[in-house]
Structure formats: structure tokens, C-alpha cells
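Q: Input sequences plus hints: build the corresponding full structure.
Under the numbering used here, residue 152 is the last one in the sequence shown; the count climbs by one each step, no gaps.
Do not take every clue at face value.
What the hints assert, rightly or not - Subject to a maximum C-alpha distance of 25 Å in a straight line, what follows is the list of computed SDA-like cross-link-like pairs (lysine to any residue):
hint, residue 1, residue 2
1, Lys94, Ser72
2, Lys94, Leu80
3, Lys109, Ser50
4, Lys103, His140
5, Lys122, Arg143
6, Lys109, Phe79
7, Lys74, His87
8, Lys103, Ser37
9, Lys109, Ile81
10, Lys109, Trp73
11, Lys94, Ile38
Don't read these hints as lab results, they were simulated from the structure. Only a predicted model underlies this, so the values are computations on that prediction, with no experimental measurement involved.
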Amino acid sequence: ADGVEAKSSVQGNPAVYTSSQRNSTAYHGYQNERLRSILNHLWFSVDNCSNDPVRWQELFRSIIHHIANEHSWKEDQSFLIVFECCHAQLSAEKVATTGWLSKQSDAYKRLFAILTDKRLLKNVGRIAKNLTTSAVENYHSVRLTYASRHKA
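A: Laid out in C-alpha cells, this is it:
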């Protein structure tokens, strides 16, 4: 297993999917749920950046901390404006039942590489610069580039 933690459909607790489980409907449902969450976060970042491309990028990239159950972090070269998640304190139940990724897992490393890819940030960054109808079109274009129609 590559350390992809996911909700167990039986107990509601985080579990690691094995190779054979990855072909299951539950696994694909979980992956689709995670993708929807990332796309929602993308749009949230655009909507809350105040047309500031640096703030947008930091808001968007903050998800790399959130998915590892890290909701505040120190200022460094990659985060100069945003130092914590925008959500309220998570309940103990939410923390216990969310499928967090270990920063050492292959899944986290792959997702980190995708979410910090310069081409992705450049393409999606166009949305933050011009919040008009064309922004929605750009959003959908980027969404279709990185997720098939059937999974998004």
C-alpha cells in the first residue's frame, strides 16, 4: 500500500486501501470525494483572494498542509501571507473520521507534486486575476485538464 488513508465504509475510521481494494467502488468514491474537495478548495481560494495572485496561490497551496491534518504552519519562503487554514476548529470526531494523508506517503508526495506544479499554478492563476465569467470558463478548463468528466 502507498499510505492512502481513507474512510472505512464499515467503521468510519481511517484505513489504508490495499492494491486489490483500489479497484473497488468505495475506493473510487473516496478518490472522487477527495478530488471534489480539492476543486472546491480551488474555487474557495479564488473567491477569497481579493484579486491578489500571491494570496490566491498561498490559499490554494494551503491544502497541502490541510490534507496532512496540519491546520497552521510557520512563515517560510513559500508562505508569506497565509499561515493557517480558514476553517473553524475541527471537532474531535471530524479529525478522527477524516482520511488524512501522511506526509511520508506516496499519495501525499504525488498530490504535493501536482498541487505545487508551476504549470498548474500558472494556469489556475489566471482565474484569480480576472474574476468574471471568463474565470468560470478557465476554472472548468483547468478542472477538465486535471480530472476527467466522469470523476469530477
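Q: Indicate, hint by hint, whether the structure satisfies it.
A: Verification of the supplied hints:
no.	hint	verdict
1	Lys94 / Ser72	holds (17 Å)
2	Lys94 / Leu80	violated (28 Å)
3	Lys109 / Ser50	violated (30 Å)
4	Lys103 / His140	violated (29 Å)
5	Lys122 / Arg143	holds (14 Å)
6	Lys109 / Phe79	holds (19 Å)
7	Lys74 / His87	holds (17 Å)
8	Lys103 / Ser37	holds (18 Å)
9	Lys109 / Ile81	holds (24 Å)
10	Lys109 / Trp73	holds (18 Å)
11	Lys94 / Ile38	holds (17 Å)
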